[in-house]
Amino acid sequence: MSGSGVVGEACVVDADAVARFGRLARQAGRELDGVRGAAIRIAELIGALVPHSVTVSLLCESTCTAADLVQRSADRLGGFGARAEHALTAFVEADLAHGRLLAGLEVRI
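Note that our numbering has the sequence shown beginning at 396, numbered continuously upward.
FYI, nobody ran anything at the bench for these hints, they're computed from the structure.
A portion of the hints provided could be inaccurate.
With beta-carbon atoms standing in for the labels, derived distance ranges [as the list claims (entries may be wrong)]:
{"hint": "1", "residue 1": "Asp490", "residue 2": "Arg436", "range": "45 to 53 angstroms"}
{"hint": "2", "residue 1": "Glu488", "residue 2": "Leu419", "range": "19 to 27 angstroms"}
{"hint": "3", "residue 1": "Ser457", "residue 2": "Ala485", "range": "17 to 25 angstroms"}
{"hint": "4", "residue 1": "Asp409", "residue 2": "His493", "range": "17 to 25 angstroms"}
{"hint": "5", "residue 1": "Ala498", "residue 2": "Thr460", "range": "52 to 60 angstroms"}
{"hint": "6", "residue 1": "Asp470", "residue 2": "Val449", "range": "30 to 38 angstroms"}
{"hint": "7", "residue 1": "Leu444", "residue 2": "Gly474", "range": "30 to 38 angstroms"}
{"hint": "8", "residue 1": "Leu464", "residue 2": "Leu419", "range": "15 to 23 angstroms"}
{"hint": "9", "residue 1": "Arg415", "residue 2": "Glu488", "range": "15 to 23 angstroms"}
C-beta atoms are modelled at their ideal positions from N, C-alpha and C, and glycine is treated no differently.
Between the sequences and the hints, there should be enough to build the whole structure, so can you do that?
Here you go:
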């Protein structure tokens, strides 16, 4: 796929860049998932150190809420990366099919 692209009146697709973006988005999603788990573990440890503190309880609740938001972002990034990779594959397949079609037409002319 290296260097694959279509040049038209208004569109140029850098297939390598789209593929890199998809991989990086999925990687970011996986790494954010790890951050979420660490944040929850830290909140649990702090809660265990000061079990009767209202402030610590609110801090733990806030941390868990933030961790859930991080998880949702991670899920979205992973899904977005997967869709980008899928779209790239479909684009390249369509591009190759059109190329074969044009090559066939050239032979007829």
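Run through the hints listed earlier and report the numbers of any the structure violates, in increasing order. Hint check: 3 fails alone, others pass.
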